[in-house]
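Student: Listed below are the residues making up each chain.
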Amino acid sequence: MQSLNLEGSPVAGKLQTLAFAMMGIGVALTAMAVVMGGMQHFYAVWTLGFSYVLGITITMMFFSGLQFLVRAGWSTSVRRISELYSGYVPIIILGFIPVILGLFSGELFPWSNPETWSANGLKLAEHQIHVVHTKHAFLNNTFFLARIGLYVCVWVLFYLYIIKGSIAQDNSTDYSTTKRNYKIAAPFLIFYALTITFAGFDLLMSLSPTWFSTMFGVYYFAGNWVSALSMIAIVVVMLHKAGHLKGFVTVEHFHDIGKLMFAFTVFWAYIAFCQYMLIWYSNIPEETEFFIHRTHGGWEILAWTSLVLHFVVPFFVLIRQDFKRKGNVLVIAGIIILIANFLDLCWVVLPVFNPHFSMNGSEFGPALLLFGGLLFTFVAQARKTNIVAVNDPYLQESIELVS
Amino acid sequence: MNSAVSASLSADSTQSKALHDAFNDEPLREPLVLGKPTLHDVTRKVLDIIESKPNIKFLAALSVTLMMALWGGVCIAYTIAEGVGVWGLNSPVFWGWDITNFVFWIGIGHAGTLISAILFLFRQKWRTAINRSAEAMTIFAVVCALTFVLMHTGRQWLFHWLLPYPNQMNMWVNFRSPLMWDVFAVNTYGTVSLLFWFTGLVPDFATARNFVKSKIASKIYSIFSLGWTGSARHWHTYEMAYMIFAGISTPLVLSVHTVVSFDFATSVIPGWHTTIFPPYFVAGAIFSGFAMVMTLLIIAREILGLKDYITLKHLDNMNKIILATGMMVGYAYAMEFFIAWYSGNTYERFVFINRATGDYAWSYWIMISCNVISPQVYWFKKLRRNVPLMFIISIFVNIGMWFERFTIISTSLHHDYLPSSWGYYSPTWVEISIFIGSFGIFLTLFLLFAKFVPMLAIAEIKSVLPGSQPKHHHHDEQH
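Sequences listed follow chains S and D, in order. This note's numbering applies: residue 30 is where the first sequence begins, and numbers increase by one. This note's numbering applies: residue 2 is where the second sequence begins, and numbers increase by one.
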C-alpha cells in the first residue's frame, strides 16, 4: 500500500526547524537558569517544564485510547496525530532524572528534608514540619522513586500496546491489533487516570507539602487534556493546509476538535473555579495558605493571566461556530491555551520557591527544550509512519463526517 | 480522493474482505431500530400506546402509586401541622433523610439532561429512543426533590422568603449562602428542562393531533402542538431552538449538582469540605440517573413491546455509561480517603475511618458494594446485554446512590468535634413514609406520562431508521 508519511514534506522541515529553534532557546534559557538562579532554581523550573510537557505527552495516549474505547468514528482521520506525538513517551520519561536529582539534593521538595529546606527566605514553620512528618509514609524518597517507576512502566506499556498496536494496524490485513485495542483500552485508561492523578500529586502538589486538594488530580488532567487537544488541532490544521491530509480531514474535523477545545476550556475553568471557590469560602488556614501565597507578592499577575488566557479568551473565540471551522483561528486559540496552561503551572510551582513574583525568562527554558523535543519527535515519527490510520475500520465514517 | 485511500477503501479490495472476516460480517455500527419498520409503523407503534384503552395492569399500577403518593401527602400534612419534630432529626444530626432524599432525587434527574443535551451535542444518535422518557424523569424527579427541600424549611408557608423580591421589610435573602444558590440552580434547571422537553414534544404532539381518533384528545394535542404544520420553516426553527436548548442545558447539568455539592463542600465539616465534591457529585448524579432510566425502561420495553426501539444496543450503551460513571464515583471515594489521610488533619482522618468502621459502617459498605463493586459485571458484553441482570444492577445502583448521600450526611454529622456531642440518627416512620410518597409521586407522573404523551420521540426515531441519512457507500451497508 502507498505510504502516507511526511517524508520530504516542506512542512515537516519547517516544523523541524521550529523544534530545533525551541530546543536551542530552551537549552540557552536552561543554562541561564542554572547560572543565574543556581541549582535549586534549575530543579524548580525543570519540574515545572517537565510536568507541563509530560502531561501533554501522556495525555496524547489518553486521546488515542479514548477513541478506541468509545469506538469513535469522527476522530479516526486525526487520531494518528496524537499517536505520533505519543512517540515522545519513551524519551520524555528521561525527564524524571533531574527531578530525582533535585529530590536527592534536598532543594526541590520541601518534604524531603523539612527542617532545613529553604528557598529565598521561605521555610517551613514548626507546625508545618510536624504535619509533613505525619505524611512520611507517603512522602519519602523510596516510595517516591517506586511510584515514578510504576508510572513509567504503565506509560511505556500503554505506548507499546495501544499506540504501537494502532500503528501496526496500517500494515496488517487482519484486525487483531485494532480488536485488541478495543479490549485493552479501558483498563489502560483507568491506569492513566490513576497515574496522571498521582503524578500531579507527586510533581506539583507535594511541592507545597502541607497543602492538599482532592481535586488536584482532575485539575492537572483538565489542563493537560485541553493542551493536548490544542496541540492536535494546531498540527492537523498545519498539515491540512499543506495538503497532507487531503481526502481525510475537512473543516468538519476542525469543528469537532474545536468543540472539544471549547468544552474543555470550560471544564478547566469549572475545575479551577470550584477548587478555588471551595477553599476560599471555607477559609481553613491550612488550605487557604496555598491561594493566599499565590495571590500576593505579585503572583496574582499569573492568576489573572490564567483566568483570562485559559478561560475568557478561548471561551469567546471558540464559542462561535464559524470560528471553530477556521483553521487559523483554531491555531491561534490553541497557542493561547498552550501558553495559558504553562503560565498556570508557573503559578502553581514558582511561588513555592519565592515569596515575591520573579520571572526572568529562564522559567521557560526546560519547557521549551522539552516541547521542542516533542515537536521534533512528532516530525521524526511522521516521516516514517502514516499520518492517518489508513486501515482503521472506522476511517470511512470519519471521512464522511458531518459535524 | 487520495489514491491510498481509494486503494484501501474500494469495496472490492482485499482490505474490505478482511474487514468483513474480522468482524464476522457484523456491521460496524449496530442498527438503532430493529425489525425494519416503515415510517408509518413507527408512528403507529408510539401512538398505539396512547390510544389503547388503559388495561387492568396499568390501572392497578396507577392505583398503587397513587396510594403511595397519597400516604406521602398525609405524612407531609402531618409534618406541616406538627413541625419537623416528628422526624428523627436531633442534635447533632439536623440533616437526615430530607436532605438525602433531596440530593437523591436531584441526581436522578441528571440522566435526562445528559441524554437530551450532552449526547445530542456529541451526536450520539442512540439517544433518540430513550431521551423522551429520561427527560420526563428529570422533571418528575425535580418535583420530588423540591418537596423535600420545602419540607426541610420547617415553616413551609413562608417558602416565598426563599425568593429575592423587593418587599416592605427590606429583607433580602442571603446571597452568600449556597442553600440560596440551590434555589436558583434547581429552579433554573427545572424550568429549562421542562421547556426543552416540551420543545422536543411539539412535533410529536402534532403527529398525535393528526392521528388520534378521539376528537377531544385531538383538540388537546392540538393546543400543545402550537400550530405545528411540519413545514420546512418550522423544522428549521425547531432544530435551531433544540440546539440552543441543548447548549444551555449542558452547563446546567454541571451547575445543578455542583451547587448541590457546594451545600456540603463550602462548610468546614470534615468529610463534607473536599474540593472534588463538584465533579464527583455530577458523575454520581449521572450514574444514579442512568440507573433509574434503566429500571423504568426495562419495565416499559417489556410491557409496551418496545424491544425493537429500545434495543439491547441501547441498554448496552447505558450500561457502559453506568460502568464508567460508577468508576468515576469510585475514584472520588478513593481520593477522599487518600487525601483525608494525606492532609494530616486528625479530624479528617477520623471521619473517614469512622465512615468505614463506625456506627454507620453498614451504610458505607452498602454504598461501596452497590456503587463500585456491582457495576463491575459490565466489563463483559454478555452481561451488559443480560436484561434480568441489568435490572438487578440498576436497582443496586439506585440503592447505592441513596446510601452515598445518607453516608455523607450522617457520618459527618453524628460525631461532632466533642464526644459529648455525639449521637446516632435514625428516621421515624414519618420520614420513611414521605420518601415512599415521593416514589409514589414520581411513578404516578411517569405512568401518566407513558399513557398520555408520545413516549418515544417519533420524529427523531424516524431520522435514525436505516437509509434515512444520506451516506456514501459503506462496507456494512447490508440492511
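Read the hints as simulated data drawn from the structure, not as lab findings. There's no promise every hint is true.
To be verified - Partial list, computed: chain D residues near chain S (C-beta under 8 Å):
id, residue
1, Leu-29
2, Asn-211
3, Thr-267
4, Val-269
5, Pro-280
This one's a predicted model, so the numbers in the text were calculated from it and none came from an experiment. Note that the Cβ used here is the ideal one computed from N, Cα and C, for glycine as well.
Student: Against this structure, judge whether each hint is valid.
Tutor: Evaluated hints:
no.: 1; hint: Leu-29; verdict: holds, 6 Å
no.: 2; hint: Asn-211; verdict: violated, 30 Å
no.: 3; hint: Thr-267; verdict: holds, 4 Å
no.: 4; hint: Val-269; verdict: holds, 5 Å
no.: 5; hint: Pro-280; verdict: holds, 6 Å
When each numbered hint is compared with the structure, a violation occurs for hint 2 only.
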